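Residue numbers (my numbering), protein chains in the order written: chain R, 3 to 273; chain B, 3 to 273; chain H, 3 to 273.
Careful: at least some of the hints might be erroneous.
From chain B, some residues computed to sit far from chain R (all C-beta separations above 12 Å) [unchecked claim]: (1) Arg25; (2) His42; (3) Gly43; (4) Val113; (5) Gln133; (6) Arg206; (7) Ala212.
Ranges between beta-carbon positions, derived for each pair [what the hints assert, rightly or not]: (8) Gly148/B with Arg209/R: 41 to 51 Å; (9) Glu221/B with Arg177/H: 43 to 53 Å; (10) Ile128/H with Ser167/R: 55 to 65 Å; (11) Asp260/R with Pro45/B: 47 to 57 Å; (12) Arg177/H with Arg210/B: 45 to 55 Å; (13) Gly176/R with Ser167/B: 46 to 56 Å; (14) Pro168/B with Ile128/H: 18 to 28 Å; (15) Glu170/H with Gly148/B: 58 to 68 Å; (16) Asp230/H with Arg165/R: 47 to 57 Å; (17) Pro122/H with Glu221/B: 31 to 41 Å; (18) Ile128/H with Arg165/R: 50 to 60 Å.
Hints were generated in silico from the structure; no laboratory data involved. Treat the numbers as computed from the prediction; the structure is a model and nothing was measured. Ideal Cβ placement from N, Cα and C applies to all residues, glycine included.
Each chain, letter by letter, is given below.
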Amino acid sequence: VAAVPITFLSDYGYSDEFAGVCRAVIARISPDATVIDLTHGIPRHTIGVGATVLASALPFAPPGVHLAVIDPEVGTARRGIAVRVKTEARVLVGPDNGLLWPAIDRLGGAVMAVDVSLSPFRLEPISATFQGRDVFAPVAAHIARGAGLAEAGDEIDLGSLVRLSPSEPSIGAGRVVAHVVLIDRYGNASLDLDDSHLPRTGLRLGRRLAVEASRSEHEAVFTPTFADVEPGELILFEDSHRHLALAVNRGSAAEVLDLEVGDEVTLRAET
Amino acid sequence: VAAVPITFLSDYGYSDEFAGVCRAVIARISPDATVIDLTHGIPRHTIGVGATVLASALPFAPPGVHLAVIDPEVGTARRGIAVRVKTEARVLVGPDNGLLWPAIDRLGGAVMAVDVSLSPFRLEPISATFQGRDVFAPVAAHIARGAGLAEAGDEIDLGSLVRLSPSEPSIGAGRVVAHVVLIDRYGNASLDLDDSHLPRTGLRLGRRLAVEASRSEHEAVFTPTFADVEPGELILFEDSHRHLALAVNRGSAAEVLDLEVGDEVTLRAET
Amino acid sequence: VAAVPITFLSDYGYSDEFAGVCRAVIARISPDATVIDLTHGIPRHTIGVGATVLASALPFAPPGVHLAVIDPEVGTARRGIAVRVKTEARVLVGPDNGLLWPAIDRLGGAVMAVDVSLSPFRLEPISATFQGRDVFAPVAAHIARGAGLAEAGDEIDLGSLVRLSPSEPSIGAGRVVAHVVLIDRYGNASLDLDDSHLPRTGLRLGRRLAVEASRSEHEAVFTPTFADVEPGELILFEDSHRHLALAVNRGSAAEVLDLEVGDEVTLRAET
């Protein structure tokens, strides 16, 4: 039987061999599994950013195994998990710190979960600080080539999985207070707002709005894409994650508005 | 039938999941296609740099599909295209903004082109800002697994493709005014000069020359490789793109000469 | 016959197409060979860092061909080599500048070596500055698809291979003077110390120690993992390379101690 593909996301970066060694481990166990690197550039230890990116990316991936490692508490009692979800019987593998939760949710919810911390598939001697290599990659590789979840670890209660509580915008009285959840390399800033929030906000496509961030105020227009405005102008738009987001055409909204992930942004529809 | 390989170049960078999601889309449509990432590190929105790198890299690639996305005008009326070239019937896929043109030219010229902006292969709902994921990757993946160009979009006139006018050196009266077309991570600066220009320049292998850049003047020697000179010395050499280029042995010509892509450099053969 | 996998490590970085073009060359020659990128983020021209990472990573990789290119003397008389080692008959390919030596040693030692500088597998015209593309990648690809070492070049004496002399700690009189051999993206600093040195050092797991670096002194504890201490505290631990290493929980030891590769660090067990 051919192996299913494995997607791989982490905060390992590109300057070290961490992601590469995990790929090597996978290739040793499951030579036929295609590994699809989603990104290893998630900022260090930012579980929330990784969780948002993972949930947004996985619906575009083929069914298979989804390996994700952002693991600031490696070496502690935090569990490692493998979780089967409803959508296409995919399996997510990683630390039980909330990283996988939004993706599990997006993919129909968990159907079965096992604790892989002491998986028989782990490499020995296990490192206290690099369980991507020693636990998660081998577990993912064995599942990709057909091992059952029950072989990878002991079943655990689905209700015990660690959940992330995503940030929530506060909406009312003609203004929206939202939070930055992602900033991409172009300086576009995704907010914790999507089109389900729109009716209550007074924001309308084609209309202008005021954006307050880092104690300064800016004018923007709510428009489908960058190129609808002049270079240097600020827009609100629906980004490819289907979040509402701020961008500057040919520039960087994060720089112009001095934004970081987690920052508050206030939007007010202009009349 | 096995799928042909897909090469992939973009300015998506490595900190986000953009390139990874495109690979995921390809794997979902065409699981057997090998994806060869050329680079995703082209500086943001620099179509000229991407075009030069692509044209230089593709002759080394296996025949197949060549996906390239640097797309500052995404979401506007700019077209998406798929173009079959003469050499090995390869197909290039990307925005019609000149990015593909030098590679098309290098690979024997265009034989057939289609507008894929509304391709039946596109993903729905299409994003206004991420057509790499929603248009170009799916089109490339379907063609890699055997779809014909005519299935990917409506045929367009070959004469209507957007062309880049490459920069040209000006040569005469004992001096050459050239332009920087690429700067690599080692700080080597490729110029819009190749050996076809040499006879008119007075520059000769083994001879010294004066290099004027950013209002300062430097001594250099025209030599086959870095290691012919002492660390810290400036050379003119034929680089791996077959451009004449400036380098500093164990150092950075871009730093020493304070160069950016597009800058003018004046070379004068010494007598 | 299916091709064996090829691992690939270099200092080519990610901003240019260098690693990508090598992958393209491999795919053209050996379409079935899986290429496993270990990393291309080794700091420019740091043969020692690359050698350490390579030796540490390869035991996790599947048997096959191991391509590694950090090549500051490209274009000089330095040789290119392909070396078969005892462990699993793997073949290492790269410049003969010491980069491969610690990995050869780790994998049971060399069994046969050939000079590939003028390999019949090289691409023509050969570039003076990019032999990763023109020599090493094609040699690796041909060997991966079954070519014998003797076809790749002329046999050379195993005793003639360039060896790296690794740095050595000096241990005595209640103090250890060690050297930084690697710094990772988390700012963890690996030392030229492993558990074989421990008995002579007086350092004991669970005990405190003094760390002197860059003329300042710091308190640390020798512990299995980061999470054993509070954020911001300095630890000595055994890292995933099985080196003793310095780390700051949720911080950067390299920053706190102002460390670079090659720096001296003095450790003193506290009583």
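Consistency of the hints with the structure:
no.	hint	in the structure
1	Arg25	5 Å, violated
2	His42	10 Å, violated
3	Gly43	10 Å, violated
4	Val113	31 Å, holds
5	Gln133	9 Å, violated
6	Arg206	41 Å, holds
7	Ala212	37 Å, holds
8	Gly148/B with Arg209/R: 41 to 51 Å	47 Å, holds
9	Glu221/B with Arg177/H: 43 to 53 Å	50 Å, holds
10	Ile128/H with Ser167/R: 55 to 65 Å	59 Å, holds
11	Asp260/R with Pro45/B: 47 to 57 Å	23 Å, violated
12	Arg177/H with Arg210/B: 45 to 55 Å	53 Å, holds
13	Gly176/R with Ser167/B: 46 to 56 Å	51 Å, holds
14	Pro168/B with Ile128/H: 18 to 28 Å	26 Å, holds
15	Glu170/H with Gly148/B: 58 to 68 Å	59 Å, holds
16	Asp230/H with Arg165/R: 47 to 57 Å	26 Å, violated
17	Pro122/H with Glu221/B: 31 to 41 Å	40 Å, holds
18	Ile128/H with Arg165/R: 50 to 60 Å	57 Å, holds
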